[in-house]
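Colleague: The primary structure of each chain is shown beneath.
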Amino acid sequence: MVAPPRLVLDGWYLAAFSDEVGRTLLQRWICNRPVVFYRLSDGSVNALEDRCPHRRYPLSLGRLDGDVIECNYHGYRIADDGVCVGVAEQPDQPKASTVRFPLVERDGLVWIWPGDPAKADPADIPDTWWLSDPGWTHVQGSVGLKARQILLVENLLDLTHETFLHPGSIGNAAVAATPIDVTSDTRSVSFTRHMIGIEAPPFYQKSMGLTSPIDRWQDGDFYAPGVFVLNIRLAPTGTEEPDGFHMKVLYGMTPATDTTTHDFFCLGRDYKVEDEELSAFQLQQQLAVMKEDIDALEVQELMVATDPGMIESSIRSDVAGVRGRRLLDKMAKREAAAEAAAAPARPQRPAAAAAPAGVAAP
Amino acid sequence: MVAPPRLVLDGWYLAAFSDEVGRTLLQRWICNRPVVFYRLSDGSVNALEDRCPHRRYPLSLGRLDGDVIECNYHGYRIADDGVCVGVAEQPDQPKASTVRFPLVERDGLVWIWPGDPAKADPADIPDTWWLSDPGWTHVQGSVGLKARQILLVENLLDLTHETFLHPGSIGNAAVAATPIDVTSDTRSVSFTRHMIGIEAPPFYQKSMGLTSPIDRWQDGDFYAPGVFVLNIRLAPTGTEEPDGFHMKVLYGMTPATDTTTHDFFCLGRDYKVEDEELSAFQLQQQLAVMKEDIDALEVQELMVATDPGMIESSIRSDVAGVRGRRLLDKMAKREAAAEAAAAPARPQRPAAAAAPAGVAAP
Amino acid sequence: MVAPPRLVLDGWYLAAFSDEVGRTLLQRWICNRPVVFYRLSDGSVNALEDRCPHRRYPLSLGRLDGDVIECNYHGYRIADDGVCVGVAEQPDQPKASTVRFPLVERDGLVWIWPGDPAKADPADIPDTWWLSDPGWTHVQGSVGLKARQILLVENLLDLTHETFLHPGSIGNAAVAATPIDVTSDTRSVSFTRHMIGIEAPPFYQKSMGLTSPIDRWQDGDFYAPGVFVLNIRLAPTGTEEPDGFHMKVLYGMTPATDTTTHDFFCLGRDYKVEDEELSAFQLQQQLAVMKEDIDALEVQELMVATDPGMIESSIRSDVAGVRGRRLLDKMAKREAAAEAAAAPARPQRPAAAAAPAGVAAP
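Residue numbers (this note's numbering), protein chains in the order written: chain L, 1 to 362; chain V, 1001 to 1362; chain F, 2001 to 2362.
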């Protein structure tokens, strides 16, 4: 058994699309914890650990009374900051609370910070201007993946797999045959792959009316721990930037548990932005391609989980993926060390409420 | 992961209803062990560990030959005391046996003692006179619960949950709003909740024709490790005892495994004892209410099992539940200490049979 | 929990029937490892660990290009000796390989050696001449068993179970009542059971037209770690060898994982070898009998896996089974000791490929 790596908690993960969060309580697992998402009466999003501080019953099965969640098991009332403000029908006022997570809503996306809230800086969220720019349009969605997050990260950081897994849509020989240039820093890994004068893959022939030869750029940015943006440019060979067709695909690779992952995507384009038929086609194509990846990654998860310790081989096209993996390893080790140094690892958890006066050993 | 607590073995657990046990071998798991239940030719009930001492095949898949079970794998014949009395078709007479459990049958219930048989005293079984009293009638049944037993114990010892989980049937605001008085000793925890001049919940309006205001008593007795009896009295406000409607609900909370539990019930009443339509209604209502509890407890099990170590908050209405939990903790610790002190922990298991003469290393 | 025993790896296991292996890649788990089976262009069979040395993706999902498997995730090309000979569409030539297993094809069977290849001697494969002898015919097949291999071994080495599990087909009282003679050496255990002047079981009455009394011989040979051959002779009482009806049943008991097992069989006969209706009847009967065994063994697996430590009783009819178990124990212990003494336990695994020049920490 190859145990899944420790998850990185100090980072902004994509948690939901704005239109998924409203006045109906939504449970979603993030980094091994159940989280309840909802909107406060002022319209802002809120997220708490989805366990009542009384007996751990999911708050998401309770009801929203203004900005307070009333637990449906015994009536604990939890305010938006996670603090218990009383118990329905009872005079008790327990000193108890659950964790509130830092959240940011921007460009139709809801971002969560599962780790130490003192380190949560909204400036670290990747720029997604194109999701709200009138010159762009996009489709979006998500699928569930029964595999550890790192396999998805490495899948996206080595796009040579398109040649083999996705030959009928976005892949062809040129992808694997064109080397990448890689740069990285302490929070990100980027690569560029500029394919010049190549044949147009089927997906792009249909959606853009391109005929070969074309230039195809795949410039990828991995923002650790869980975001990847692929910047795509396609144009007849020789066209000068900024002309050409541009697409961007943002992936939110958010661990649900150690071995399950949310795979969110937003696929945007700067051409034919009014063409709804094209949007429907792109959504269907994107989901078909992701299905091929999901199937492959779930098989790979089994192969990895059951392997007693094979040492992998890597080649040039793995440079971005290997750096991404090392970056996550380093971040996880840093968090583990910080956790070992300081006793209380879980953020925002107040001291346990004292036992009530009447509760004594019999 | 919050591991489930060690189960208490020294105690009488409800194992079956009398009409479930006959000449057909019945397998039921009790406290992590498979047990085979059956009736001897004199009509008495019997229970053995459901593993043949030969190769552990379930005796319950064998056949009953008089009072002997013949194992259907290789023909070991096991008498009612668990001792092997021969092997069908073969001359061998192995010295082997399986565990026989202390059993008591009373008032239509079969009780089992999974622990040290030397400590099994039938006088410790809760009195269930009302199950065979002609002035009473009852309905009964059981459901399977995929949760640790302690969650069911705490569910029943804090009935304020009726207000939230069961508002359409037996719960209303008065339950949560009325405090309890709690007493306890070394084997039991009792509480009384007397609601005076309250509105009648839907369930009781229908079954008794009561109109508000009424007096409603909920007097609960938890007999550790696994029995709870709720004594209910309903009457028009001001009626003197012993007048009024009386009901009793016995719950057998019997661990099947560490994380699954049998939830038996007998619901009795001392009014309209001939009314079979009312009995059918009460059975259906009771099962509907228990379904709401089962659903809640199975969700809670997941929340508890996946929690790395939340410290719970407790209030006054938890006093009975917290005392119940501590009582079980104390009993389990005492058994663990006794087991550590004495080597052979499993009762009634004789020394292993010696290898047969012909069996030698090659 | 009784953990399953360590699997013996140094031994020939039946892996497949010849007609299962061709130019379509076949994945089958053998001793906790995924293996890909296929036929080379010269017609010979080949087997590799079914993990690409790049990112562990199953090679069996790739495509066969001549005698090279091209991985369908990123294009690694693996030759029949397991060595990577390049990466499709890329100039890299990684030094990487996966394990190739010793294989032997003989009499329509494919044998694999999952352990140390230096110890693999084809002379140790049990003789199966009767599978290709014109005086014999046979039917064959396999079923999946969700139980540890040792339970199947013991099932076959103690045929007294036929009396109880298979009374409607091949079992009757005589089997359990007739003692066996047992011999064994360092690699095998054999027993003989000669039943003289007994009643003919239903299966044989129908397939041979035999009427009682008959002589029935059951001479079994267990070739550790995973082959059992039952030599059956039936004849009217008093008939002299070599007259009479002869049957042989070869069982391949090949661990898939610690708790799942492939149960292969070949059932041969030396009479009515042209009778296809009889062959169809024998196949159907054999599968029906094995279904009874599978059902029993899967229940037994649960009983064994959940047992905290019962000590089994054994009798004379267990002598062969107990010797078989001890033989496997001894072989497994020897392998564990050898593994502990020498660091690299996995055969044929070359040193890990060095990281490519471009792969450095960011």
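The set of hints was computed from the structure by calculation and includes no laboratory data. Glycine included, C-beta positions come from ideal geometry on N, C-alpha and C. Be a bit skeptical, because a hint or two may be false.
[Claimed, not checked] Okay, derived cross-link-like pairs now, DSSO-like style, lysine-lysine, Cα gap no bigger than 30 Å in a straight line:
(1) L/K146 <-> V/K1119
(2) V/K1095 <-> F/K2330
(3) L/K146 <-> L/K291
(4) L/K330 <-> F/K2095
(5) L/K272 <-> L/K291
(6) V/K1248 <-> V/K1272
(7) L/K95 <-> L/K272
(8) V/K1248 <-> V/K1206
(9) V/K1146 <-> F/K2146
(10) F/K2291 <-> F/K2272
(11) V/K1330 <-> V/K1248
(12) L/K272 <-> L/K146
(13) V/K1119 <-> V/K1248
(14) V/K1206 <-> V/K1272
(15) F/K2119 <-> F/K2291
(16) F/K2206 <-> F/K2272
(17) V/K1330 <-> L/K95
(18) L/K146 <-> F/K2146
[What the hints assert, rightly or not] Just the calculated beta-carbon pair ranges, DEER-fashion:
(19) V/P1236 <-> L/S44: 46 to 54 Å
(20) V/A1336 <-> L/L283: 55 to 63 Å
(21) V/G1197 <-> L/P91: 13 to 21 Å
(22) F/R2334 <-> L/T192: 51 to 59 Å
(23) V/A1177 <-> L/P134: 54 to 62 Å
(24) F/L2302 <-> V/V1083: 43 to 51 Å
(25) F/D2329 <-> V/T1186: 45 to 53 Å
(26) F/D2107 <-> V/Q1027: 57 to 65 Å
(27) L/L283 <-> F/L2283: 47 to 55 Å
(28) F/A2305 <-> V/S1212: 54 to 62 Å
Colleague: Does 54 to 62 Å hold as the CB distance between F/A2305 and V/S1212, or does it fail?
Modeller: 56 Å, holds
Colleague: Checking one constraint from the list: CA of L/K146 to CA of F/K2146, max 30 Å. Satisfied?
Modeller: 23 Å, holds
Colleague: Hinted pair, alpha-carbon criterion (30 Å max): V/K1330, L/K95. Please report holds or violated.
Modeller: 27 Å, holds
Colleague: What's the verdict on L/K95 and L/K272, does the C-alpha distance respect the 30 Å limit or exceed it?
Modeller: The hint is violated at about 57 Å.
Colleague: Would you check the hint for L/K146 and L/K291, treating anything up to 30 Å between C-alpha atoms as holding?
Modeller: 12 Å, holds
Colleague: Do the beta carbons of F/L2302 and V/V1083 sit within 43 to 51 Å of each other?
Modeller: 24 Å, violated
Colleague: In this structure, is the beta-carbon distance linking V/G1197 and L/P91 contained in 13 to 21 Å?
Modeller: 19 Å, holds
Colleague: Within a Cα-Cα threshold of 30 Å, do V/K1119 and V/K1248 meet the stated pairing?
Modeller: 29 Å, holds
Colleague: Are the Cα atoms of V/K1248 and V/K1206 separated by 30 Å or less?
Modeller: 18 Å, holds
Colleague: Taking 30 Å as the top limit, are the C-alpha atoms of V/K1146 and F/K2146 close enough?
Modeller: 24 Å, holds
Colleague: Next pair to validate is V/K1248 with V/K1272; report whether the Cα-Cα distance is within 30 Å.
Modeller: 14 Å, holds
Colleague: Quick one, are F/K2206 and F/K2272 close enough, alpha carbons at most 30 Å?
Modeller: Given that 30 Å is the threshold and the Cα spacing comes to 13 Å, the pair holds.
Hints 1, 7, 12, 15, 24 and 26, counting from the list given before, are not met by this structure.
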